[in-house]
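> In the order they appear, the protein sequences are chains A and B. Under my numbering, the first sequence has 203 at position 203, and the numbering climbs by one with no breaks. Under my numbering, the second sequence has 29 at position 29, and the numbering climbs by one with no breaks.
By construction, these hints were calculated from the structure, which means they are not laboratory data. Treat the hints with care, since some could be wrong.
Simulated DEER-style distance windows between Cβ atoms [unchecked claim]:
{"no.": "1", "chain 1": "A", "residue 1": "Q108", "chain 2": "B", "residue 2": "E144", "range": "25 to 31 Å"}
{"no.": "2", "chain 1": "A", "residue 1": "S8", "chain 2": "B", "residue 2": "I43", "range": "41 to 47 Å"}
{"no.": "3", "chain 1": "B", "residue 1": "S147", "chain 2": "A", "residue 2": "R97", "range": "29 to 35 Å"}
{"no.": "4", "chain 1": "B", "residue 1": "A149", "chain 2": "A", "residue 2": "E179", "range": "53 to 59 Å"}
{"no.": "5", "chain 1": "A", "residue 1": "H33", "chain 2": "B", "residue 2": "P157", "range": "47 to 53 Å"}
{"no.": "6", "chain 1": "A", "residue 1": "R172", "chain 2": "B", "residue 2": "D20", "range": "31 to 37 Å"}
{"no.": "7", "chain 1": "B", "residue 1": "A149", "chain 2": "A", "residue 2": "H33", "range": "42 to 48 Å"}
{"no.": "8", "chain 1": "A", "residue 1": "E168", "chain 2": "B", "residue 2": "T67", "range": "30 to 36 Å"}
{"no.": "9", "chain 1": "A", "residue 1": "S202", "chain 2": "B", "residue 2": "S26", "range": "58 to 64 Å"}
{"no.": "10", "chain 1": "A", "residue 1": "H33", "chain 2": "B", "residue 2": "D20", "range": "32 to 38 Å"}
Computed list of chain B residues with no C-beta within reach of chain A, every gap over 10 Å [what the hints assert, rightly or not]:
{"no.": "11", "residue": "R31"}
{"no.": "12", "residue": "H55"}
{"no.": "13", "residue": "D70"}
{"no.": "14", "residue": "E72"}
{"no.": "15", "residue": "L91"}
{"no.": "16", "residue": "T95"}
{"no.": "17", "residue": "A97"}
{"no.": "18", "residue": "H104"}
{"no.": "19", "residue": "P106"}
{"no.": "20", "residue": "M116"}
{"no.": "21", "residue": "Q119"}
{"no.": "22", "residue": "M131"}
{"no.": "23", "residue": "A149"}
{"no.": "24", "residue": "A155"}
{"no.": "25", "residue": "D159"}
Since the structure is predicted, the reported quantities are computational estimates derived from the model, not experimental observations. We put the CB at the ideal spot given by N, CA and C, even for glycine.
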Amino acid sequence: MTSTNAISPHPWLEELARRVEAVIDVGDAKSVHQLRVAAGRLSVWIELGGRAALRDDLRRLRRLVSHVRDVDVLLARRTDVAPDVQSAETRAEELRRARAILATSAPQALLVGLACVPWPEFEAAERCARGFATRVVRAARVVEQGDHAAEAVHRWRRRVRRARYALEWLGRDSTRERELQDVLGAWHDAAIEEVAAEVSSSAASDAQDPAALDSQRNAARRERDAMLETALSHFATDRERWNAWARA
Amino acid sequence: MDLYLIRHAEALLREQGGSDEKRPLSAKGRRRFVRVVAGLERIGVRFDRVLFSPHLRAQETAELALTLCDGESEVVLELARSPDELLLTNLRALTFARVALIGHEPWLSQLATQLMLGQQVSASNRVQSAMQIDKGGVVHLSGEIGSGAMTLIAAHPPDVLRKIRR
Chain A
1 MTSTNAISPH PWLEELARRV EAVIDVGDAK SVHQLRVAAG RLSVWIELGG RAALRDDLRR
61 LRRLVSHVRD VDVLLARRTD VAPDVQSAET RAEELRRARA ILATSAPQAL LVGLACVPWP
121 EFEAAERCAR GFATRVVRAA RVVEQGDHAA EAVHRWRRRV RRARYALEWL GRDSTREREL
181 QDVLGAWHDA AIEEVAAEVS SSAASDAQDP AALDSQRNAA RRERDAMLET ALSHFATDRE
241 RWNAWARA
Chain B
1 MDLYLIRHAE ALLREQGGSD EKRPLSAKGR RRFVRVVAGL ERIGVRFDRV LFSPHLRAQE
61 TAELALTLCD GESEVVLELA RSPDELLLTN LRALTFARVA LIGHEPWLSQ LATQLMLGQQ
121 VSASNRVQSA MQIDKGGVVH LSGEIGSGAM TLIAAHPPDV LRKIRR
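Excised from the complex, chain A in its bound form (with noise of 0.2 Å):
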């Protein structure tokens, strides 16, 4: 199990045991982003050893502070589309329902269990990498066909992610991946932003200027489009780089 030539998954486990407890004590917004990264990265480990149990649990963990992180990326963002104080309150909200969870028996558990996964052999996991670079090509086509639907780019944005786990947990360069992660991690936010316009745009409080929002709106819209040609662009320059990992 944990031969020389295994992949440990130390420190991510620590990792993630820490921000689980940062979360429940202090739940600031690295707290919150650090524990998504945690579980994606342990929920691409798991993979890389062949093995499906635990991903449901990394997944809904991640999942369970997804909407406080929204929250945080539009204060990043010092958006004007949503008054501080009501994102605070929605902050609030979710990260008081994300609390009551995380105060169960389910972080340990996966923790417990996560101890007890024998830990994937370097050369087995190289192999099985190989999908994860299949899955970004796949994604990718699509969105170069012409989908520019919010799934299909959020599809390859995730697989992306873990594609350029994958290098990390083999101890590859993975600086060409994360540009690509970055480029479209900006799209995402821009896209977070958009619909949190629009959502506010049909519900304008007096407070707020209908026209301010359209504006607001519309920029992330280009700004979301821009990203997106970037990633492309990007993509493309790097296509042989990435046929030849899902072929390697």
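Starting from the known structure of chain A, fit chain B onto it as the hints suggest.
Using the frame of chain A, we list chain B on its own:
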């Protein structure tokens, strides 16, 4: 709720200095449980949720059972110890119609006894279980979650399930 209590498949013996929690399934246990799953499929068993103990042998059994699951799986700490009120509370909170619990003996049969006969289980005064579940065996209960509130529908020995596969 239809509740399926499934004991993990046969695992390797503990190595010297090794931990019980990290014992994987044996090749034979894995092979046999695949046939148990085929038998369950043959009699039309499906799950909406698969709950499993965090111990490796239960995780690996759950992975094999997931082919029968139309929903998600969930690791549950309370399945790795004697059944208590917290486990019953968590089960009552579930909104699924067909749930599999993958765990260990003697705790699963203690749970089955409590659910069927209403006998209390505590760490200091464990009841004599009304049944024993073999490795890879399945006990099907139906009814509301609660002490003495469930009815035994079937107790499937693993060797029978293996024989009725397609």
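> Are there hints from earlier that the structure breaks, and if so, what are their numbers?
12 and 14
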